[in-house]
Structures are given as structure tokens and as C-alpha cells.
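**Student:** Protein chains in written order, with my numbering: chain Y, 1 to 404; chain Z, 1 to 404; chain B, 1 to 137; chain D, 1 to 137.
Rather than coming from a laboratory, the hints here were simulated on the basis of the structure.
Do not take every clue at face value.
[Stated by the list, open to error] Cβ pair distances, simulated, as ranges:
#, chain 1, residue 1, chain 2, residue 2, range
1, Z, D40, B, A131, 55 to 65 Å
2, B, A131, Z, Q298, 53 to 63 Å
3, Y, T256, Z, D40, 56 to 66 Å
4, B, Q6, Z, Q298, 27 to 37 Å
5, Y, E159, B, A38, 48 to 58 Å
6, Y, L370, Z, F238, 55 to 65 Å
7, Z, I191, Y, K73, 31 to 41 Å
8, Y, Q301, Z, G20, 43 to 53 Å
9, Y, S145, B, A38, 53 to 63 Å
10, Z, A37, B, G17, 49 to 59 Å
11, B, R107, Y, N398, 24 to 34 Å
12, Y, E255, D, T62, 32 to 42 Å
13, Y, T292, Z, R211, 24 to 34 Å
[Stated by the list, open to error] Taking lysine-lysine and the DSBU-like style, the derived pairs with C-alpha atoms no more than 30 Å apart in a straight line are:
#, chain 1, residue 1, chain 2, residue 2
14, Y, K106, Y, K6
15, D, K30, Y, K67
16, Z, K397, D, K30
17, Y, K338, B, K123
18, Y, K338, B, K136
19, Z, K73, B, K52
By construction, the Cβ of each residue, glycine as well, lies at the ideal position given by its N, Cα and C atoms.
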Amino acid sequence: MFDIAKIRADFPLLKQQINGQPLVYLDSAATSHKPQAVIDALTHFYSAENANVHRGRHTLSDNATRKYEQARKSLANYFQVESNELVWTKGATESINLIANGLTSKLKAGDKVAISAIEHHANIVPWQQLVKRIGAELIVLPITSDLVIDAQQCAEFIEQHKPKVVAITHASNTLGNITDLAPIIQACKNINAISVIDGAQAAMHLRPNLREIDCDFYVFSAHKMLGPTGLGGLYGRFELLNSLDAYQTGGEMIETVSLTQSNFREAPGKFEAGTPNIAGVIAFTEAIEYLTSLNFQQMRQHEHTVFSYAIKQLSAIDGITIYSQHHNNIGNISFNYKNEHPFDLATLLDGFGVAVRSGHHCTQPIMSQLSISGTVRASFALYNTKEDVDALITALKNSIELLD
Amino acid sequence: MFDIAKIRADFPLLKQQINGQPLVYLDSAATSHKPQAVIDALTHFYSAENANVHRGRHTLSDNATRKYEQARKSLANYFQVESNELVWTKGATESINLIANGLTSKLKAGDKVAISAIEHHANIVPWQQLVKRIGAELIVLPITSDLVIDAQQCAEFIEQHKPKVVAITHASNTLGNITDLAPIIQACKNINAISVIDGAQAAMHLRPNLREIDCDFYVFSAHKMLGPTGLGGLYGRFELLNSLDAYQTGGEMIETVSLTQSNFREAPGKFEAGTPNIAGVIAFTEAIEYLTSLNFQQMRQHEHTVFSYAIKQLSAIDGITIYSQHHNNIGNISFNYKNEHPFDLATLLDGFGVAVRSGHHCTQPIMSQLSISGTVRASFALYNTKEDVDALITALKNSIELLD
Amino acid sequence: MNSPFQAVTKDIENAAGWQQKYRQIMLLGKQLPVMPEALKVDDALVKGCESKVWLYIDFDHTENSLVLAGDSDTRIVKGLLALILALYNGLTPQQATQINAYDEFERLGLISHLSPSRGNGIKAMVDKIQAMAEQKR
Amino acid sequence: MNSPFQAVTKDIENAAGWQQKYRQIMLLGKQLPVMPEALKVDDALVKGCESKVWLYIDFDHTENSLVLAGDSDTRIVKGLLALILALYNGLTPQQATQINAYDEFERLGLISHLSPSRGNGIKAMVDKIQAMAEQKR
Ligand SMILES: Cc1ncc(COP(=O)(O)O)c(C=O)c1O
Ligand SMILES: Cc1ncc(COP(=O)(O)O)c(C=O)c1O
Numbered sequence: 001m002f003d004i005a006k007i008r009a010d011f012p013l014l015k016q017q018i019n020g021q022p023l024v025y026l027d028s029a030a031t032s033h034k035p036q037a038v039i040d041a042l043t044h045f046y047s048a049e050n051a052n053v054h055r056g057r058h059t060l061s062d063n064a065t066r067k068y069e070q071a072r073k074s075l076a077n078y079f080q081v082e083s084n085e086l087v088w089t090k091g092a093t094e095s096i097n098l099i100a101n102g103l104t105s106k107l108k109a110g111d112k113v114a115i116s117a118i119e120h121h122a123n124i125v126p127w128q129q130l131v132k133r134i135g136a137e138l139i140v141l142p143i144t145s146d147l148v149i150d151a152q153q154c155a156e157f158i159e160q161h162k163p164k165v166v167a168i169t170h171a172s173n174t175l176g177n178i179t180d181l182a183p184i185i186q187a188c189k190n191i192n193a194i195s196v197i198d199g200a201q202a203a204m205h206l207r208p209n210l211r212e213i214d215c216d217f218y219v220f221s222a223h224k225m226l227g228p229t230g231l232g233g234l235y236g237r238f239e240l241l242n243s244l245d246a247y248q249t250g251g252e253m254i255e256t257v258s259l260t261q262s263n264f265r266e267a268p269g270k271f272e273a274g275t276p277n278i279a280g281v282i283a284f285t286e287a288i289e290y291l292t293s294l295n296f297q298q299m300r301q302h303e304h305t306v307f308s309y310a311i312k313q314l315s316a317i318d319g320i321t322i323y324s325q326h327h328n329n330i331g332n333i334s335f336n337y338k339n340e341h342p343f344d345l346a347t348l349l350d351g352f353g354v355a356v357r358s359g360h361h362c363t364q365p366i367m368s369q370l371s372i373s374g375t376v377r378a379s380f381a382l383y384n385t386k387e388d389v390d391a392l393i394t395a396l397k398n399s400i401e402l403l404d
Numbered sequence: 001m002f003d004i005a006k007i008r009a010d011f012p013l014l015k016q017q018i019n020g021q022p023l024v025y026l027d028s029a030a031t032s033h034k035p036q037a038v039i040d041a042l043t044h045f046y047s048a049e050n051a052n053v054h055r056g057r058h059t060l061s062d063n064a065t066r067k068y069e070q071a072r073k074s075l076a077n078y079f080q081v082e083s084n085e086l087v088w089t090k091g092a093t094e095s096i097n098l099i100a101n102g103l104t105s106k107l108k109a110g111d112k113v114a115i116s117a118i119e120h121h122a123n124i125v126p127w128q129q130l131v132k133r134i135g136a137e138l139i140v141l142p143i144t145s146d147l148v149i150d151a152q153q154c155a156e157f158i159e160q161h162k163p164k165v166v167a168i169t170h171a172s173n174t175l176g177n178i179t180d181l182a183p184i185i186q187a188c189k190n191i192n193a194i195s196v197i198d199g200a201q202a203a204m205h206l207r208p209n210l211r212e213i214d215c216d217f218y219v220f221s222a223h224k225m226l227g228p229t230g231l232g233g234l235y236g237r238f239e240l241l242n243s244l245d246a247y248q249t250g251g252e253m254i255e256t257v258s259l260t261q262s263n264f265r266e267a268p269g270k271f272e273a274g275t276p277n278i279a280g281v282i283a284f285t286e287a288i289e290y291l292t293s294l295n296f297q298q299m300r301q302h303e304h305t306v307f308s309y310a311i312k313q314l315s316a317i318d319g320i321t322i323y324s325q326h327h328n329n330i331g332n333i334s335f336n337y338k339n340e341h342p343f344d345l346a347t348l349l350d351g352f353g354v355a356v357r358s359g360h361h362c363t364q365p366i367m368s369q370l371s372i373s374g375t376v377r378a379s380f381a382l383y384n385t386k387e388d389v390d391a392l393i394t395a396l397k398n399s400i401e402l403l404d
Numbered sequence: 001m002n003s004p005f006q007a008v009t010k011d012i013e014n015a016a017g018w019q020q021k022y023r024q025i026m027l028l029g030k031q032l033p034v035m036p037e038a039l040k041v042d043d044a045l046v047k048g049c050e051s052k053v054w055l056y057i058d059f060d061h062t063e064n065s066l067v068l069a070g071d072s073d074t075r076i077v078k079g080l081l082a083l084i085l086a087l088y089n090g091l092t093p094q095q096a097t098q099i100n101a102y103d104e105f106e107r108l109g110l111i112s113h114l115s116p117s118r119g120n121g122i123k124a125m126v127d128k129i130q131a132m133a134e135q136k137r
Numbered sequence: 001m002n003s004p005f006q007a008v009t010k011d012i013e014n015a016a017g018w019q020q021k022y023r024q025i026m027l028l029g030k031q032l033p034v035m036p037e038a039l040k041v042d043d044a045l046v047k048g049c050e051s052k053v054w055l056y057i058d059f060d061h062t063e064n065s066l067v068l069a070g071d072s073d074t075r076i077v078k079g080l081l082a083l084i085l086a087l088y089n090g091l092t093p094q095q096a097t098q099i100n101a102y103d104e105f106e107r108l109g110l111i112s113h114l115s116p117s118r119g120n121g122i123k124a125m126v127d128k129i130q131a132m133a134e135q136k137r
């Protein structure tokens, strides 16, 4: 059984009070909370294990290096890939930048790069910069009127327009919709396009088997997966990954340096210049272990139950517009109340102890498409409950009363 | 008074045992240990304050943002600069990459970029990449035969060769030598060259007043300044900083995004794409507060006493060659024993509980210059003592006995 | 303390609980004179806010006083804006520089809205008005 | 267990304390037959080590056995290399694949030297020998 009481007890932050009321945290799409094991790992590292890695000739450094490399194995296991196909970065944003930059010499003027209209800015702007740099063209994959990436249509679009790179999200941060990746990746394979999947939102909720998904690249942020801030990474199919242009340069990533020339190491080392986020990586292992200790089906079932309940309860309130798809959703619900500004709603909800996010959620193109300035977003994670939904609904009704 | 017993008690890691013996940590140039206050700040953040910044409309997020921006103020205070002149990165390596990349459109083929021969790889390779990209030329500033950047000679060299950029270290990680920056920066000003100072080693030991130093850029790593891993930053003179090409792109750093075009924010936001290392930044404030709570003169005096004692004791051992300058040193001593391999010495020292580093220390050009493959480096920080030196000397004598 | 501000803040001070306080703030916003569309130029738009906030700021040389107008597309920010206008509108530069909006917001239990993090533009507006007052003094 | 290895490890096992253990290891290194300079080609250099480590590996088809030679510029790695050579040199591929160097190093209290982090090349060497043995089996 999915023991939600036990799980909630593992997350110290959920015990906070806000404005004199128990916190109801519905902003996990922005960042997730951390289980005690992750926090303890950080404390333990800095108190008893702190050392730089890959460099020392002493016990602390050896142990830190071993744990650091062990973390890569844990994560490889989580994603079902090889350790040397995983690169640590400071977050999903850096991961996408690393890939977009690394593909520079593989593209030429006139080539096309495809993204969708529901991407996070992190999966838009780096591609805009790339195509600008090389005189390539950015094209936009079709979405349905309810803002879902239509896999079949996309596949056809890809085979027709033949982009060299296709970069799409596995799940939308604003809407929560899960993309049906299989037909899209098949289409990429058919035309030899490189597929880049933004897994920032999906990596925790969907525990993706990347061998099965069979994409070329997949990016994630640790802080959205129960791990610490300042850490993320990417998976890359080894040969392709290794063939990317180097991104940052400096210590650790080199084999030899003279004043006139340098040789770089193989992936993943090639992409990890400088001292990494050692404590972050080691603590993140605990997050991965925590996630894998849970039965995946049960976790998803629980998340689904809470999400569906939230959709049902929200829909029952007069004047609420929900923008998110009701099925096939990781658990992010974007909505508005009549013409009220999401800022006002979110501010009042906060007064009741309910933490949601309002705004454009770094997806301005979606907002343009919907002709709105923003939404209120309630996003759920494995530690949320139906009681959280009830608290949201009560607070929402009270807030509406204040507004009306 | 500089109460060293109290200070040591603030660093839990110093109480570790290695191989059954008390740890003697002489590897602070690789990474420093963290005072309890830094560790506590991490725990507290994740247990009671965790939220994403700049985005939320809820109390947790507001508080996290306030603390995050407060950290920038603390650091601005430490370096005596303005908050908006400081950019957070994941470390000194990324900082230099950000600057070298950002200068791309300011340079043209044939321009010169000057570095010294004692630079860390992080302050060599990004410049090699930059000059390669634009057809510019990398030139090497003169050093003296004992591997010190000769400020007067450098100033002349700069005025003669007129590089567009001069990138040098404030203190060498391998040798510890402190660069006399004033004449060099004056020379840069005279010919309008951009000065980039690698402060990775100096930032903690020298508490540099950057207004006074008057360089254009200064980079640092938090983990070498009692702070957490995965964090660093750079100072940039505001107008110049703001005029750099954007580096990473994505959320947070934009003002508006459409599918066809994006506008970027002003510095420092422009250079901080994606979710930052929030916990790291907030915990780093504690490190900065810790450092500033100490009387600077007393701290330097203490460091100097320990360093001088170490130099004296090491010099007294027959067969030891010291490569570091004996005065004007932040506290890094590189040495070898006869023709013994530094790896062997470091391994044996570790057996005695003494943590030093061996190898090329990411400064292969220095090793080529000295025609050696590496050195043993003992590096000291404010928490080290004469007793640590005594332990090093005893362990060294015993190790030599094992080797002879 | 100038009396237009005291008049408008009385109800906020007397509010029972935060809900009533917000209700009063939103009420204030509703009572704010309509900002002429002609004044809603790009220059008057406060940047970096989640909500749209305009602040028009001018100086009446004959009366030696600050002339302010503003608007926002959110109710709460508009109410806070009304407070700011009540605090500063029509004051001489000398008077304006003597006003500490932070203290007033603190007193009203609204200080968190003036924090840099809020991104609601309130802080930016206060800074802008103070800068104008300094300049004209 | 094959006897050349047992012969060389006896002193390590009996060593009193880690100092004596390292002394024995370095002694083993000193006794390692000189590696012909001709074999010290780039291909034999184990990459990514702080020390220089060469491992020459060949297969004697007539004898059906592994032929190994090696050298290092550090004493400790050279001693560990001597242990590896004693463990595998002259074995048939079948015999070699049955050897678990990790267990042996564990038993001798030297396992930390076989960790990926050490960067001393010992692990890389074991992996290389095992790969050759697998291939020739
Ligand atoms: C002088 C110098 N510059 C740059 C760096 C790179 O710092 P980091 O590895 O923290 O990015 C170091 C760290 O070893 C250093 O000592
Ligand atoms: C879908 C998506 N992609 C990318 C990102 C960027 O992640 P980060 O800010 O951790 O770099 C986010 C986070 O908001 C996201 O939700």
C-alpha cells in the first residue's frame, strides 16, 4: 500500500504553518520538497565527508569520489540507461543550453529545428539562439485547440518538414499534459532527426524508462525530483552525446592542457568542467533511492486519485475555467476564476495557507494562445492528499467571496 | 583575539578520524570545510523554507526570494561592490566561461587575449576556445623564474602587446603566490583592456575590496570560501557586465518570449537562466557572515604564522624542494621529496591521517615549466594550526622513512 | 501625517483579520479615480511585474506639488497603489521626502508587499516617487 | 588460488600495520621485471591516471596463456601492478576469467585502490585483462 501518512512524515516542510494555518503546498511543479533522507545526506556530507572529487590522494576525497560516481549509477538505474550517458549540470535549463550549444557544428544554415508552442521558455530560447547563430529556422509543431501536442499530427509534420532537431516537453509545466512520445520519436528516427525531450516536469511523476522511450536526449532538474537545488542533468545516447561540441571548459574535463592546446576527455567528463555540485549529487542519490523505494503503480494511482478529485471539485465551482487536460496529466492544473486576475486569487489563497503559483509560468506563448495574461496553477506531487484538495476548494470559495 | 579553538569547533569536519588517526586537513585549496552555520542554513532551508524564487505568489516563495536577494547584498558588502554587479553561477569555472563567451562579439580576428603561464586550466581553456572561435590570438604574460607573475614586467608587456583582454589569477592554486594586481590593472586601463581576475583561491584568504582593486571582472567559487558546492559567481563592472552577450537562456532571464523572439532582462538577471541554487545561495550568506565576523588582520596574521611555520619546518627536511614563494602567499605550498612521486608521498601521508593533494593541480603548464609531473600540495586555511604543521612534518618524516 | 492618507487607512487599521484588510484594500482600489488611457504609456508601465501596473508621475510647478495617477489590472495591487497615491499625491517635494512609506506599510501590516521579492511593483513605485521628490526639492 | 600470487601476497598478509603493508607492496614493485621501453607505447598507457601506468597485454597462442608486462613511475602503483601481474600472468584465459581480483584485493585490505575514484589505473588494468581473457576464451 501507498502509505501517505508515512510519506508525508518524511517531508519536514509539510509541517509548516503559513499565516497561522497549516501549509497546503500545491506548487511542486515549481519545486518539490525534500525527504528527510536528502536533508540528512547534505548534513552528513558537509559534517563528515566533505572533499573535492577526482583529485585527491586522500581518504576523504576517495570516499567522496566513490559516492559521487555511485550517484550516477543510481540515476542510470532509475532511467534505465548507462552511467556514462548521464551528465550532471546545474539544472534542466543548463542541460538544454548544453545540448543546443553542442549541436552547433552539426547544423547548417537553412536547417530546421522544431519545438512545440507549449514549451517552457527553457526549451524555447536556447533554440532561438541556436538558429539565430547559424541561420537555421525554428518551426513550431502543431498542437490541438486544447493545447495538447497531437502526436499523430506531429509525426506527420516532422516527416513532412524534416527538422534536424525536435525538442519537446514530456509534460507541460503549465498544463500538466503528458505528451505521447512514441509516434514523435518514431518520426524523428524515420527522418534521422535528433530528439530532445524536456523531462523537467515528467522525470519525477512518470519514472521514465529512457531505453524504451528511445529518445536521443532527455533533461531534468533535481530540485523537481525531491533533490537539492543547483543540480540537474541530461541523458544522451552515448555516441551522439560524446560527439557534441564541448560546452564549458576548464579543469576536470580535460585530458591534457598546454598553453597552446588542450585535449578533452570522453563524455560524460567532457561536459563536466570544474568542481561539480558534489554534495548536491550525493544527496540527490537519496532522492532517487526514495523514489525507487515506492511502488510506481501505487504512486501514480495515488497521484491520479488526488488529481482527478481536484479536477472534479474545481469544475463544480461556478466561474472556474480549467485550461489543463483532465486525463493524462502529471498533476498540474491551470485555472482562472471569471475575469479575476490570478495574482489576486493566489494572494488570497496564500492568506488561507494554500501555496499555488500565478502568472505565465515561463510559458508566454501558451498565454498568448489563450489570450490571457496568466493562470492560477495548483500542482500536485506524491505527498499531496485529497485533504489538500479540500483545503484548496474551501480557500478558493472564501477567496471568491472576498472578491465578489 | 583570533580564537582558533573556537573556530575549529565551528567546523564539524575537523573532528573526523582518518585511518584511525585525527584528520589533518591540508587540502583547503581544493575545497574548504563549512562552519556549522552553513550546514544549519541548508537544513533549515529544506526543512522550513523551501520554495522556488522570483515566481511565487505565496509566503514561502516570497521569503525564499527575499533571503536569496539578501545574499547578494551580503556578498556585495563583502566585495565592496553593488548587488547588481554580482552574478551567481555554479562555480568559478562557469564564471570564466560566461565571461569568455560573453566577450565574443566584443573581439575580432587578430585581437589578443593575454593569460599567464601559472593559470588554472579554468582560466586557460575557455580563452583558448574563445580565440579559436574568432581567430584571435592567445598571448602569455611573462613570469619570473620562480613562477611569480612579475607585475612590472607584465604591465610593460601589456602596454606593448595591447591585448583586448587580460585574464590572470589573484593567487595561484598550485603555488599560493599572490599577484600584485595594481600595476597590471593600471596597464589594462591605460590601453583599455578588459581585466578578468581569477579569485577562486584569493577570495577567502584576502577578502578583496574590488572597488579598490578596480578590475572589470572577478570570479570565485563558494565551496572554496566556506560555502556549499555547486555555487560560485562573478563580479562585473555593471555597464560592461550588462553589455556581455547573454550566456545561458531560458526562464528567469527573459523579459518577454514569443515563439519568434525574446527580450532579455538587465544584469544580473540576464545571466541567471533557470532555477538557481537557492539553498546554496542562502547558505552561502552564512559563510560570508562567518568570514566577515572575523577580524581580517587577525585572520591573515594567523594564516601567515601557520604558513611561515610550515615553510620553515619543511625547509628543514633534507631532500625537500619547495616550489612556492615563501612570502606573499595565501597558504598553498607545493613541494616534492627528491625524485619520489608525489602520488606515493600523498598516499603514505594519508595513511597517517594527513590529507594533502598530489598531481598537477589543474596547472599542467606550470608542471611543464618545472619539468616535473606533479607536486605534493599542502594548503592551509584559517582553521589550520601549527599543530597541523607538526603532524604534517612527523607524517612526512615517517613516510620518507618508508620510501628510503 | 497627512490626512487623506489617515482617512483611507482608518478602515484598514480597524479591519478584523487579514480578510477584512484585503477587502478594504480592494475597496480602495475600486475608488481610485480612473487613469486616463492616454497616460498609460510604456514609460508609465512598471517593469517586471506579474500584474500590469502603471504609474504616471508629474510635477505641478505652480502648486509646487507632485501629481500622481496610476492603475493596475489586479485588485490588490490597485488598492496598494491607491494607498501610495493617498500618501504622496499633492504633496510638495519637501513633504514627500519626509514620508517613509515603509514605516506606513509596516504599521498597516502590509510590509511584505513592499519587499523586493513581491515583484508587484509597489516598491518600484515608491522608489520612483521618492526619486522625483528628491530631484524637485 | 595459483601459487605465484600466494607467494607474493604472504608478506602483505602478514604485515603488521598499514606501513608494513605498503612497504611490502613497494618491495614487490621493486622486484617487478623491467618493462622493455619498446613496449611502453601510447597504447599501453593507462589513461586518466595521476601516475604514469603502462600495461602491455598479449596472448601466447602456443601456450594458450596471457602475457603481461607493466610499469609505473610511482612505487605504490608499481607494487599493485606487480600483484595484478602475479595474479594473471601466464594463466590460460579460462583460468583468468575465474579470478576475482576484487576479492583478492579485498582480502589483502587493498580494495580502496581498486575503486573507480582512485584514478590510479589499477581498476582499468584489471578490466583490460579480464576483457582480453573473455575474448580469448
Ligand atoms: C585558481 C583557480 N581557478 C579556478 C578554479 C576552478 O574552480 P571550480 O572548480 O570551483 O570551478 C580553481 C579551483 O580549483 C582554482 O584554484
Ligand atoms: C517543463 C520545464 N522545462 C524546463 C524547466 C527549467 O528547469 P530549471 O528552472 O530547473 O532549470 C522547467 C522548470 O520550471 C520546466 O517546468
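**Student:** Starting from the hint 31 to 41 Å, judge whether the C-beta atoms of I191 of chain Z and K73 of chain Y obey it.
**Tutor:** 52 Å, violated
**Student:** Keeping to a limit of 30 Å between CA atoms, is the pair of K106 of chain Y and K6 of chain Y held or broken?
**Tutor:** The hint is violated at about 50 Å.
**Student:** Given the hint of 48 to 58 Å, check if E159 of chain Y and A38 of chain B actually sit that far apart at their C-beta atoms.
**Tutor:** About 52 Å separates the Cβ atoms of E159 of chain Y and A38 of chain B, which means 48 to 58 Å holds.
**Student:** For a C-alpha distance cap of 30 Å, please report whether K338 of chain Y and K136 of chain B respect it.
**Tutor:** Cα-Cα ~44 Å, so violated.
**Student:** When you take the CB atoms of Q6 of chain B and Q298 of chain Z, is the distance between them in 27 to 37 Å?
**Tutor:** For Q298 of chain Z against Q6 of chain B, whose Cβ atoms are near 53 Å apart, the range 27 to 37 Å is violated.
**Student:** Between T256 of chain Y and D40 of chain Z, does the beta-carbon spacing fit 56 to 66 Å?
**Tutor:** 42 Å, violated
**Student:** Quickly compare the C-alpha distance for K73 of chain Z and K52 of chain B to 30 Å and report which way the hint goes.
**Tutor:** 28 Å, holds
**Student:** Would you mind confirming whether the straight-line C-alpha gap from K397 of chain Z to K30 of chain D stays at or under 30 Å?
**Tutor:** Cα-Cα ~21 Å, so holds.
**Student:** L370 of chain Y and F238 of chain Z, beta-carbon distance inside 55 to 65 Å?
**Tutor:** Given range 55 to 65 Å: violated, Cβ gap about 38 Å.
**Student:** Has the hinted range 53 to 63 Å been met by the Cβ atoms of S145 of chain Y and A38 of chain B?
**Tutor:** Violated - the Cβ-Cβ distance for S145 of chain Y and A38 of chain B, about 37 Å, lies outside 53 to 63 Å.
**Student:** Go ahead and decide if the range 55 to 65 Å is satisfied by the Cβ distance of D40 of chain Z to A131 of chain B.
**Tutor:** Given a distance of about 39 Å, which is not inside 55 to 65 Å, the answer is violated.
**Student:** Is the hinted pair K30 of chain D and K67 of chain Y satisfied, with a Cα-Cα distance of at most 30 Å?
**Tutor:** 33 Å, violated
The earlier numbered hints that this structure contradicts are 1, 2, 3, 4, 6, 7, 9, 10, 13, 14, 15, 18.
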